[in-house]
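So the protein lines, in turn, are chains A and B.
First residue of the first sequence? That's 972 in our numbering, and the numbers climb one at a time after it.
First residue of the second sequence? That's 972 in our numbering, and the numbers climb one at a time after it.
No wet-lab data here; the hints were simulated from the structure.
Heads up, some of the hints might be wrong.
Remember, identical chains collapse to one label, so a pair may be satisfied in a single copy or spanning two.
[Unchecked claim] Listed below are the simulated EDC-like cross-link pairs for lysine to aspartate or glutamate, each with C-alpha atoms no more than 16 Å apart in a straight line:
#1 Lys1163 x Asp1472
#2 Lys1543 x Asp1517
#3 Lys1008 x Glu985
#4 Lys1331 x Glu1116
#5 Lys1543 x Asp1525
#6 Lys1590 x Asp1553
#7 Lys1026 x Glu1474
#8 Lys1464 x Asp1092
#9 Lys1026 x Glu1522
Protein chains: 2
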Amino acid sequence: MRKYYITEKISRYEIGNPIETEAVINKGDKNYPGDFKYFNIEIGNEINLNYKMNKDDKVYGLGQNMRGINKRGYIYESFCSDDPCHTPEKKSLYGAHNFFIIEGSNTFGMFIDFPSKVTFDVGYNVRSNFHINIEGTDTNIYIIEGESLKEIVHEFLKIIGKSYVPPKWAFGYIQSRWGYKTGNEVEEIANKFIEKGIPLDGICLDLDYMDDYKDFSLSEERFSDFSSLNKRLKENGIKIIPIIDAGVKIEEGYDIYEEGIRGNYFAVDKNNNPFVAAVWPGKVHFPDFLNKDARLWFGRKYKGLIDNGVEGFWNDMNEPAIFYSEGGIEEAYRNIDELKKLELNVDSFFKLMDTVNNLKNNVNDYKSFYHKTENGLVNHYDVHNIYGYNMTKAASEGFDTIDENKRFLLFSRASYIGAHRYGGIWTGDNSSWWEHIVLNMKMMPSLNMCGFLYSGADTCGFGSNIDPELAIRWNQLSIFTPLYRNHSALGTKDQEPFAFDLEVEKIIKNTIRFRYAIIPYLYSEFMKAVNNSDMFIKQLGIEYQDKLSKEVEDQLLIGDSIMIAPIYEPNKRGRYVYTPEDMLLWKVKDHTSKDFEIIKKGHNYIDIDINEFSVFIRKNKMLVLGEPAQSTKDINSETLNIIAFVENEAEYTLYDDDGISNDYKKGINSSIDITISVDRDKHNINAVNKGNLEVKRLNVTIITGEGKIISDVVNL
Amino acid sequence: MRKYYITEKISRYEIGNPIETEAVINKGDKNYPGDFKYFNIEIGNEINLNYKMNKDDKVYGLGQNMRGINKRGYIYESFCSDDPCHTPEKKSLYGAHNFFIIEGSNTFGMFIDFPSKVTFDVGYNVRSNFHINIEGTDTNIYIIEGESLKEIVHEFLKIIGKSYVPPKWAFGYIQSRWGYKTGNEVEEIANKFIEKGIPLDGICLDLDYMDDYKDFSLSEERFSDFSSLNKRLKENGIKIIPIIDAGVKIEEGYDIYEEGIRGNYFAVDKNNNPFVAAVWPGKVHFPDFLNKDARLWFGRKYKGLIDNGVEGFWNDMNEPAIFYSEGGIEEAYRNIDELKKLELNVDSFFKLMDTVNNLKNNVNDYKSFYHKTENGLVNHYDVHNIYGYNMTKAASEGFDTIDENKRFLLFSRASYIGAHRYGGIWTGDNSSWWEHIVLNMKMMPSLNMCGFLYSGADTCGFGSNIDPELAIRWNQLSIFTPLYRNHSALGTKDQEPFAFDLEVEKIIKNTIRFRYAIIPYLYSEFMKAVNNSDMFIKQLGIEYQDKLSKEVEDQLLIGDSIMIAPIYEPNKRGRYVYTPEDMLLWKVKDHTSKDFEIIKKGHNYIDIDINEFSVFIRKNKMLVLGEPAQSTKDINSETLNIIAFVENEAEYTLYDDDGISNDYKKGINSSIDITISVDRDKHNINAVNKGNLEVKRLNVTIITGEGKIISDVVNL
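Could you build the full structure based on these sequences and the hints that come with them?
What follows is the structure, given as structure tokens:
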């Protein structure tokens, strides 16, 4: 074990000969002596770590996982998994995010940079013991110290590098469905949004658009005029966002397949033949994303669709999901033939069930193929968690070769820390369950903590059938997540905003329009979080240090100014809300409503009808809103509205930039610095415009600590 | 459609020629004219009912189902289903309980007495519409009117007949596990409870005890001295409770099978041969519980185990569950052979999956066998929901032939209203999920409303692996349900009270001991609910009429005196509680703790540590406690403790009876009438003992409205 110094607060412990994941961009090169801290570490055939937790210690992080913000009491496995049934006992989802923080008698963070399976038993088998098992002997482990949760997260986000930033339009509403079968159908959907005045910035294409599920292909029959379709939709600000799957169909004459074979770009089996698995297209090879040449090759393939006008993609099935392998199905048939000879009893019956049900995503398949990395042949299982990550990287690198200064929308299903620099993620194939609003809500801060700022869940749920009230409540949550996509599976009930009755449609329309109204705020806060290496969506305990703020899991801070308290149960017309300080409650029916109330620090029951949701503006903070529009491109920011809750003085910096280029990385942006102070009968508003050419006027509404409402206009 | 008068408040509408389910004991025979009320009814090939709900209408009931106490917003199917994965989208569980109440602009109850599939779309497809589909044209429908929820429930419970009453020991703690493989293991478990001083009244035997899963058999190898085992355990107050499955193994020489064949006691296929299905024993026949002779035959078979000392049973797999049928498996193999010839693609791959996964509980199998009822041959599908009910009835009738005046413990998995007169139910194969504490909590009042007073969930969850905190919290809830059984599936983590660390063990021990301390209260309240045709576990909205009481779903009333507010989320150390009137909060660490606090009407945040739970004593009500003991037989009731929250005057009647016989049906019981009044500095306690020979002394603790604590002793 070698210890490296990164900063005063961060050490890296290198054990054995770790595989380079590139999760961390500042690994430190100064070797210095020192023992492993906090956890007791045992290195044998595997690495085991143990930490004795105190009664009140809390554990945060681990990104995409089941359960709460505080991860104590359960066991989690980092192993990217395609499992669409997110029941509470699941230990793995699609992402593998090995960063966590313990807050308590010791407060520190730890990142296990290991690309295969890691198990985190957070007081599950033994309540007081945090046990980590690393399935290997070669790893980097980072320990991050700091005075507070906030500082530790900040330090961690600094060493893993800044978050991916999508184009600004990706903060608009995105409609998706597995089952939009033709270009006409897509256009009809788009037109329905326009007719009904429901804002829309993108429509995702699922598998349906492809020719026989072939990556980068287009069904000639169903999407014949794809290029002009893109053009027509983009005139209305609507971008088409196609899916790209990991597996490449094996088919003579299919260019991608043939190029892949010629270039040796596919992962191989033990005989050095391209590994064969079956997924949506039938039999496929998997591009060897861990191989630099293969990655570059695949990345450049996005160009075909981009040349047709596409500006965003989602990468799917990249855990990679495997329906079955050639070896797997042969063995299954052999087993079934044996079983057929028997009079089935309980054991043999369950064996029949298992034989078929274990075909999918079988670990033996993951162990039977290899990647040709710079350091030689590596078994897939040993790098399983960075496969999807490197598909994201492939796409991102590909985009750079096409237009280095253009932002493309990109989000992925599988991920690992490091992938956050190349794309966003969605939280995978959830269900239309009320429990999954809860999961969505609780997962967001954990994802942010692990670097995935541009993220969100399939709004209204992917699997199962939606009920109308769930649709309303889920939209009321998702308007606060950077990725705001409504997506559903083939065969499930429609869940577009207009799939319900007119009252529901109106409520969801107003909700989406509110989202568009707060884009100036969301974008500003998101970009500041990216640039400052901070979280965008935070649990209360990041900003408030009182006991209860550390325990609350059903309220979130969105950026620096606001707190939300979603309704996540059916038939509820109100809920309890904890306010760790005085806050201004805004009950929103639509972005123009003016229903303000000062809520004192403490416990509150807040009535919330089905057609409204609550926004809490923190003390001495302000929220910035513009006017909604049909799409982000139509947003007129000449006048912005400020709602400020000011006991004495509030400051806000409204960040903005061009929203389309990477110039922000060079520090090219604008800001408006706003200071509002209130003192008895006087108020003072000071606004300094640093380069924002759009905004001409601020309509300021100040609610003072005593509840006085002051309206003022500032011309810039 | 013929309308019958039952009472002023209750009408029966007879449509076509309904199958007699015997759900209702007072069907009324006075035919009188009148239209169908409230719902619009259409009778065609099926019956469809529609009701326009107002915005604030609430819908309660439907017994064993997913979702909340208010059933609005989802769709439910009454079709007894063996499906152990209770995810939120499931429409059917094990029971079919077709009674509901709408409370709102109209307030009325309805019972659809139809033994096959009924679908209740409670504003799912159209938010304002309650649509009921009855898959047939012959049914009885009851409409129950009344001034209040409480009155409607009461009227309904009166016409369906009084609840089954178990022996009093069945209010003790019951330990269960699929996987107690031998008599020795069972005795070890029992001894461990005794050693550790954890109360115990019963141990359930799952499949393991049988010889090759044969009903009424005993494994000679593993349970060789069953009779003496029973005797030894019963000396310590511990009863063995074996499982009985619906299916009878086909095996030459097996007496039950041979008798069944000889007597024509099995359900038959279309060729009048006994229908063959496969379940745990391999191939089985299903006793024709809808045939009176078969029912009597099967019922008498319980005698063998009873002669060995058994006093309680649980009936399982009686939906009936079917792993596969002969025809089903043959067809599956044929399909697989066809698929084998193909290069699998997506469609054929999913067909392979479906082929195997659709073997279980396939509706085609339910449609392919018949019952020989008094009214001729009836297809199973048409009476599916009363099959398990009639197994319960078979057992109960059998018990009567053995000892008519003895109470046996009996609970079933499948059920239909009517079965509540013959046995209790447990809520089936739930999981060790926090979501299933919530489900347990919300289901209890719905079950009570449908007549199933003796009921409870598998505490700590059947499937999946428990975490220690979930074990604590679930026990803290289950101590208030009449059936309090901890049960788990083969292969899951142990979840007996001593399966965790010593601190957890101590907490759970104190929790179970508290249960034993409140048995005098629970039994008294349970019996009064039975005798008065009332609910035992109620949602707040039954007793309180304010708006929020109608909405609260995470607090329950247990009997007449107390309210509980369980903790049902991990890592929570407190929760919000709504008190619709002033209440006395008792924070319980153990039954001797004295941590009382008056909570004013309104909203409260209550700190609750992991080793405590809350009990709220209602205003002018009292709670009665005794001393815990190792088993109910050791409970010494010479001295009882009363905790009374008295603003002015509280009355309580403590019911008791012998707890073992059916004499209570003849009105043979005892009571102690207690009246406590408080007036400034005076208090007055009046206790009249009507035949209770055990209780000699009442230790009374009065907490007055002003928080004054008065202790007094009353000798009886």
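Verification of the supplied hints:
1. Lys1163 x Asp1472: For Lys1163 and Asp1472, only the intra-copy Cα distance (15 Å) is at most 16 Å; the inter-copy one is 59 Å.
2. Lys1543 x Asp1517: between (28 Å within a copy, 15 Å between copies)
3. Lys1008 x Glu985: within (13 Å within a copy, 76 Å between copies)
4. Lys1331 x Glu1116: Classified as neither; 41 Å inside a copy, 54 Å across copies.
5. Lys1543 x Asp1525: both (14 Å within a copy, 12 Å between copies)
6. Lys1590 x Asp1553: So Lys1590 and Asp1553 pass the 16 Å test inside one copy only (6 Å; across, 34 Å).
7. Lys1026 x Glu1474: between (49 Å within a copy, 12 Å between copies)
8. Lys1464 x Asp1092: Result: close only across copies, 15 Å inter versus 38 Å intra.
9. Lys1026 x Glu1522: Only inside one copy: Lys1026 and Glu1522 sit 14 Å apart there, 35 Å across copies, limit 16 Å.
Hint check: a violation occurs at hint 4 only; the rest are consistent with the structure.
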